[in-house]
Amino acid sequence: MKWVQIVAMSVLACILFALEWPRLSRLPKRDKAAFITLLFVAWVLSMLDLPNLPGPTTFINALFRPLGQYLE
Amino acid sequence: MGRLLEQGKISSSQMSKMLFLVIVASTVISVPSLTGKYAQNDLWLSPILASLIGFLTVFIVFSLNRLYPQQTVIQYSPDIIGKVPGKIFGLLLLFFYLHITGLIVRNYAEFIMGNFLPQTPISIVIFTMIAVCVYGVKAGIETIGRTAQVFFFFFLFPLILMPFLLRDMHLDFVFPMFEHGLLPALKGAIIPQAYFSEMFLMSFLLPYVTDPEKGMRAGMLATLGVAVVLTGVNIFILLVFGRQSSDYLYPVMAAFRYISIADFIENLDSVVMTVWILGMYVKISVFYYATVLGTSQWLELSDYRPIVIPIGMLIAAISFWSMPNINAPVISFPFYSPLMQTICPLLLLGVAYLRKKGKRQSQAQTAAASGSVHSEKQEG
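Chains as they are written, first to last, in this note's numbering: chain W, 955 to 1026; chain H, 14 to 393.
Source of the hints: derived by calculation from the structure; they are not laboratory data. Worth double-checking, as some hints may not be accurate.
Simulated crosslink set (DSS-like; lysine-lysine; CA at most 25 Å straight-line) [what the hints assert, rightly or not]: (1) H/K372 - H/K96; (2) H/K151 - W/K986; (3) W/K986 - H/K372.
Next up, chain W with everything else stripped away, as it sits in the complex (with noise of 0.2 Å):
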C-alpha cells in the first residue's frame, strides 16, 4: 500500500510535470523556481505517513489551547 502510493504520487508528479513544461519553458526563471520548489514540496509531503504526523493543525491548534479551553 505504501509503495503504491509513493510510486503513483511520483507518477502523478511527472505527468504534471510533462503537461506544464511546454507552457512554462516560455515564462521567466522565477516561474520555473517557483512551479518546481512548490511541486517538489507537494511531493515530498504526499509519501510520507501524514495523517500521523504533526503538522499544522497541531502547530495552531497548541498556539490557540488557552482560548480554545474557554469554549469547553
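Chain H: place on chain W using the hints.
This is chain H only, laid out in the frame that chain W set:
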C-alpha cells in the same frame, strides 16, 4: 509590479454572490449544531451577533481598497508596514489560506463520506473535488464568478422546501428565552463569527471588480444575506429539534429526512446534498483562487496559472495532515480565522490611515515652509 496577473473582470453582484456562497456553503449544514451546543434554545440569536464581525470586515477591506485601489492585500501590506514586515504578514496570510483551504476540503470529504459514500476512500473524494477546482481556478476569476451567479439560485432552492417541515415544528421550543442571560448566545456566536470574517476574501476580488465603488454595498448585502439565511435555518432547526439540535452532527440533513409528503416527495436530503456540493465547489474555488493569486503576487511571478496544480497538491496534503481520525475538531479555528482576517487587517487599516495623515501634514508643513521662504524672498 504595475501589471495585473488576472485579466478577467467580475461585476460587484457576482462578487457578492461569491462571498455569500463562500460563507453559507460551509456554515449552513453544521452551524445549528455548533451554535446549539453553547446557545441551547437561544441559537437563533447567535448568527445575528456573529454577523457584526462580517460587517466590520467588509468595512475594513473596502476602506483599504479605497486607499490602494487595484491591489490585493499581498501587494499593499508592504506599502503600509514596510517591505519586510509586510512580506512576513503576506506569508502568514497565505499560509493561513492554504491551511484553511485544506481544512475545508477535508470537511467536505468528511461530510460526503459520513452521509452518502461510506465505502469510498477519502482520498478519492478529496482528489475529485480538487481536480474540478483546478479547472475552475485555471480558467480564472470570471469563470468562478459566473458559476457563483448560476449556483446562487440553486442554493436557495432548499430554503423553499423548509415549509414542508411545518408539521414537525413546535413553537414552544423557543421558550424560555434568555434563560441564562445573553452569555450562551454570545458563546454560540464564537464559531459563526469565524466564518463571517471570511468576508476578507473580498480583498482578493475587489481589484478585479468593474464597479468597485459598489463594493461596500455588495459586501454588506452578502453579509446581510448570510445572516438572514443562517438565522432562518437556525430557527427552523430549533423549532424541529428543540434543544436536541446539537446532538446531530448535520441537523439540516436530519431535518430534511423528516420531509415526507403523500409518500411521494421523500429523501429530500439528497437534493440538499447536491445543492450543497455546488456551493462547496464555489467556496473551495474562491479560497483556492485567493491562495494561488496571493502566492504568485507574493513571489512576484508573471503568471499564476503554472502554480495552480502544485498548490492543489499541497491543499490535498494539508487536508490529510495530522488528522488521523474523522471529525478531529480544530479548536483553534474560531480564533485563528478572525485574527488573520479581521484583527490584523484592522491594524493595517489603522497604520495606513496614520501614514496618510502624517504624509498630508508633512506636505502641508513643507508647503507652508516653502511659502514663507517665498514671501521672505519677496520682502528681501
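query: Going straight from one Cα to the other, do W/K986 and H/K372 come out at no more than 25 Å?
result: Answer violated: W/K986 to H/K372 is near 40 Å, above 25 Å.
task: Please work out if H/K372 and H/K96 have their alpha carbons no farther apart than 25 Å.
output: holds (18 Å)
- prompt: For the pair supplied as a hint, H/K151 and W/K986, is the alpha-carbon distance within the 25 Å limit?
  reply: holds (17 Å)
When held up to the earlier numbered hints, the structure conflicts with hint 3 and nothing else.
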